[in-house]
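Q: Sequence:
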Amino acid sequence: MSARDGDAALRRRVPGTDTVRDEDAFDVEAVAAWLRSISPDDPTVLAGVDLGDDDDPVIPEVRQYTGGASNLTYLLRYPGADLVLRRPPTGTKARGAHDMKREHRVQSALRPVYPLVPRMVGFCGDHSVIGSEFYVMERMQGTILRKELPRELRMDRVTTRRLAEAAVDALVDLHSVDIEAAGLGDLDRGEGYVRRQVEGWSARYRRARTPDVPDFAPVMKWLAAHQPEDVGHCLVHNDFRFDNLVLDPEDVTHVIGVLDWEMATVGDPLMDLGGALAYWVQEDDGPLFKAFRRQPTHAPGMLTRQQVVERYAHGAGLEITEEQWRFYEVFGLFRLAVIAQQINHRYYHGQTTNPAFRAFRPGVAFLEQRCLRIIRTGEGRLTPTRISPRDVVPELLGVPRVVLPLLAGGVHDARGKVTDMLGALPLLDNLPLIGGRSAGKSDGGR
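In terms of our numbering, the sequence shown opens at residue 12 and continues consecutively.
Check before you lean on any hint, since a few could be wrong.
[Said to hold, decoys possible] Below, in silico cross-link-like pairs of lysine to any residue (SDA-like), each with a Cα-Cα straight-line distance of 20 Å or less:
| id | residue 1 | residue 2 |
| --- | --- | --- |
| 1 | Lys-232 | Arg-207 |
| 2 | Lys-112 | Arg-200 |
| 3 | Lys-301 | Tyr-290 |
| 4 | Lys-158 | Phe-300 |
| 5 | Lys-158 | Lys-232 |
| 6 | Lys-301 | Lys-232 |
| 7 | Lys-301 | Ala-367 |
| 8 | Lys-112 | His-138 |
[Claimed, not checked] Okay, the calculated beta carbon distance ranges per label pair:
| id | residue 1 | residue 2 | range |
| --- | --- | --- | --- |
| 9 | Arg-168 | Asp-67 | 14 to 24 Å |
| 10 | Ile-70 | Ala-236 | 48 to 58 Å |
| 11 | Thr-388 | Glu-294 | 16 to 26 Å |
| 12 | His-325 | Glu-202 | 31 to 41 Å |
If you are wondering where the hints come from, they were derived from the structure by calculation, not from laboratory data. Quick caveat, the model's predicted, so the values are computed rather than measured. Ideal placement from N, C-alpha and C gives every residue a C-beta, glycine not left out.
Work out the full structure: start from the sequences and follow the hints.
A: If you want it as structure tokens, here you go:
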């Protein structure tokens, strides 16, 4: 078998991984030596893992996970089992972000009371090992959904709905965790969580803003003027979406793991739900919103955003009016825009070469338009997202207005000219329909 064939075979066995990008490489032998030297947090994780010894060390094969855009995640392929390593990205980082020690601590504390958390191997605060803090944990074996539902799952509307309900219920269960019993009560900064979030994310956006994105001033002003009191305090994940859920491979309607606890804290549960629904693109949303979809929430049978809110409210014992929900929906979309802009800031300043990050700039501009639409019209969870390309494409992509009629006629009609001006941009590959005409297969291959 050639090296290329072997590499392709490995990628088939471990979906979502690729060779490590040069800018994200680390000293694998140093990590292997560190693993041999420590007493693991949970010894059961290393049962059956052949680490070797100092005289005959085993050096794992390393793959980099391609999903995610914040902390870097790697697969360590050892004989007997795989492990996962998490470390911060290179380049300028948002203040308080990418705290590996905190992320490790939260998961270690949560595991006994919320068993969907991965088991930890250990945390390393010694920067001499790979140049940053990092931690290692188990690799949870299961199915992780990406943009589409895999055809081999053969899911009908009934099982798809059960999957969506299971995801919502997992969030309800998380919000029910006794934070004192978990030893995480110190994460609670008391009343004012909503206010701190609005002020904090607004400040983050101002710091991360680059000349190629809107200022979001009307959105930030509206959020500051309409913020509600906290409805409660609980453990919040702050990045709850399908590609952070591990599903039972024998029954994908059963959630067996929740990953990526980077932003977990104690806060308002509806702020967490609003953040989760910022990613929830539903079946009847317009093509521009679908262009940024990263999970299969558009699939037939999936809950709508309204149904998610209703199921969550029932499970959590809350009453949520549509007018109340409008704030949380706008905040969730704004917060997503800030996250996207922090990544765009790194790409704009040449701190990362990941080509996927080119699409974050248009995403930021689109999210501003979505927020403004909800603010101005009261449109919320009951209404699908429909924003015209004419509203956002010039701001999103810097496309001259002469190109808009081409976009309105179908992305494929304009692809050559637009690509000449902009280069290959994932947004154009993802746009399923513009102006009602087909641009190849519709989203989801339906």
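Q: Next, verify each hint and record whether it holds.
A: Each hint, compared with the structure:
| no. | hint | result |
| --- | --- | --- |
| 1 | Lys-232 to Arg-207 | holds, 14 Å |
| 2 | Lys-112 to Arg-200 | holds, 19 Å |
| 3 | Lys-301 to Tyr-290 | holds, 10 Å |
| 4 | Lys-158 to Phe-300 | holds, 13 Å |
| 5 | Lys-158 to Lys-232 | violated, 33 Å |
| 6 | Lys-301 to Lys-232 | violated, 27 Å |
| 7 | Lys-301 to Ala-367 | holds, 17 Å |
| 8 | Lys-112 to His-138 | holds, 12 Å |
| 9 | Arg-168 to Asp-67: 14 to 24 Å | violated, 54 Å |
| 10 | Ile-70 to Ala-236: 48 to 58 Å | holds, 57 Å |
| 11 | Thr-388 to Glu-294: 16 to 26 Å | holds, 21 Å |
| 12 | His-325 to Glu-202: 31 to 41 Å | violated, 26 Å |
Hints 5, 6, 9, 12 from the earlier list are contradicted by this structure; the remaining hints agree with it.
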